[in-house]
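In our numbering, the protein residues as written are 2 to 271.
Since the hints were derived computationally from the structure, they do not count as laboratory data. Hints are not guaranteed to be accurate.
Listed next, with one range per pair, are the computed distances between beta-carbon atoms [as the list claims (entries may be wrong)]:
1) Val248 <-> Arg27: 16 to 24 angstroms
2) Ser47 <-> Glu142: 12 to 20 angstroms
3) Arg27 <-> Phe81: 23 to 31 angstroms
4) Glu237 <-> Leu184: 29 to 37 angstroms
5) Arg241 <-> Ile212: 43 to 51 angstroms
6) Gln267 <-> Leu184: 37 to 45 angstroms
7) Arg58 <-> Leu26: 32 to 40 angstroms
8) Gln267 <-> Ala51: 25 to 33 angstroms
9) Leu65 <-> Ile14: 50 to 58 angstroms
10) Arg23 <-> Val62: 22 to 30 angstroms
11) Leu25 <-> Leu181: 47 to 55 angstroms
Glycine included, each C-beta is placed from N, C-alpha and C at the ideal position.
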Amino acid sequence: MSTTLAPVPRWAILTRTSRTARGLLRAFGERAYFGRDVGRALAHPSTWWAEAVRQMRGIGVDSLPLVLIVAGFLGGVTAFQSYYQLFAGVQLSVLGLLVRGSIVLELGPLMTAIVLCGRVGARMTAEIGTMRVTEQIDALETLAYDPVGYLATPRLVAALIMFPVLVLIANFTAITVAWLTLLAATPVTSTDYVAGLRLAFVPFQVIYGLIKAFFFGGAVAFVCSYEGYVTGAGAEGVGRSTARAVVVASMSILVLDAIIAAALAQYVSA
2 MSTTLAPVPR WAILTRTSRT ARGLLRAFGE RAYFGRDVGR ALAHPSTWWA EAVRQMRGIG
62 VDSLPLVLIV AGFLGGVTAF QSYYQLFAGV QLSVLGLLVR GSIVLELGPL MTAIVLCGRV
122 GARMTAEIGT MRVTEQIDAL ETLAYDPVGY LATPRLVAAL IMFPVLVLIA NFTAITVAWL
182 TLLAATPVTS TDYVAGLRLA FVPFQVIYGL IKAFFFGGAV AFVCSYEGYV TGAGAEGVGR
242 STARAVVVAS MSILVLDAII AAALAQYVSA
């Protein structure tokens, strides 16, 4: 006995496509309105500056030990991997160049942002989401406070400021640990390493990494604040929003990283 599957009607395919398109447009519109409210609140620093300073401490000072640990391991691993790729006849000073390029241009900003996304971003979503399910945000609206300006804007400002600072510290730590690793485990000398660090160095390389960190911080703060703000009811809703925020923010970091890298390639080739 043979069975055949009935063909899917064309109208059903069109319905699904239109439903998906409407969902994407609605999601984009909701985030655009949220971004508009965040930007509008920037014109009134008195409503968010005090909270922004508190968030800077949470993002920067409280995250510093974790950033230093990650940067230390990153520097050590990068040093070993760079040394492993050398072949006979290549000067040892090239290691400084490889370490500097890998950390300053890519690994430092990217890994620091991913780590902060898990630590800081999840906390942002959980805090704002808990305020949503406990109706504290509704209370702010009742008291004529702008909840977006009071909750999301200070977190965005703090992330835009502290992510580049933490990336700068992480880069310095990783390069220093890489130097110590090469001194302890390889024939590389300090003279070789420093010569490689100086080779073909331009200040824009550092600025490029900080630009990445700036956009990464904005993406993490915006995505995680939004997901917390629209959290569903109950503890389960907070959990789902937190997980979704970390995933979306991490993917946003990777997409931005690719876009900025492509822009750098166009800038260099111009």
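**Message:** When the structure is checked against the list of hints, which entries are broken? Sort them ascending.
**Reply:** 3, 4, 5, 8 and 10
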